[in-house]
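**Q** Sequence:
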Amino acid sequence: MEKSNKVIIIDADVISHFISGSLIIKLPHIFPFKILILDKVYAELKRLPKRKREIDNLLNLRLIQLLPFPEDNIEVRKEYAHIKKFMFKGDGEAACLAVVRHSKDILASSNLKDIAFYCKLHGIQYLTTMDFLCEALRRNMFTENQCDEFILKVKNAGSKLPVNRIRDFKCRSFTF
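Under the working numbering, the first residue of the sequence shown carries the number 1, and numbering increases by one thereafter.
Just to be clear, a hint being listed does not mean it is correct.
Stated by the list, open to error - In the DSSO-like style, the derived pairs of lysine-lysine whose C-alpha atoms are separated by at most 27 Å in a straight line are:
id	residue 1	residue 2
1	Lys153	Lys120
2	Lys113	Lys46
3	Lys89	Lys120
Everything labelled a hint here was simulated from the structure, so no lab data went into it.
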């Protein structure tokens with residue numbers, strides 16, 4: 001599949017899920033979009049040595065790219081400050097939301113209770129961990145069994161996903 005000009009700005013939770021699910025190396029190949037990780041998200045992830053090692057591997061292999069937060073963009077900075085102050089989001093999540101609002105790129109985050117309203121309000125496209133699984137299954141990159149094993153591993157690591165089996169999830173269709 002050919003890469004698109006759009007990019008995915010990825011939050012820490014989706015990366016953490018794919019690390020816990022032992023499929024992190026597959027993540028950059030599921031959608032035809034370049035994946036960027038903001039430096040503020042990387043700063044959150046690097047506090048955990050295993051997560052840092054996995055992300056550094058992806059960066060070194062150029063499967064994802066590190067994106068500095070655009071400090072020189074006053075609109076993004078103001079939006080970031082607003083999100084942090086009034087929506088009580090962490091650094092990484094606030095940075096992702098502020099950047100995608102102004103770049104019109106795609107957000108990858110599974111914190112639906114935190115992002116869904118904001119994304120709908122501002123017309124932001126987003127992908128969740130389950131959307132990545134659905135697309136990988138649709139493209140025959142993962143089997144149903146691999147998806148189920150992934151879900152089990154992620155849940156056993158203490159994260160939340162909405163189903164125990166991929167067949168119980170209603171996959172969304174996308175028009176990017």
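**Q** Determine for every hint whether it applies to the structure shown.
**A** A quick look at each hint next to the structure:
1. Lys153 - Lys120: 30 Å, violated
2. Lys113 - Lys46: 25 Å, holds
3. Lys89 - Lys120: Holds, at roughly 17 Å.
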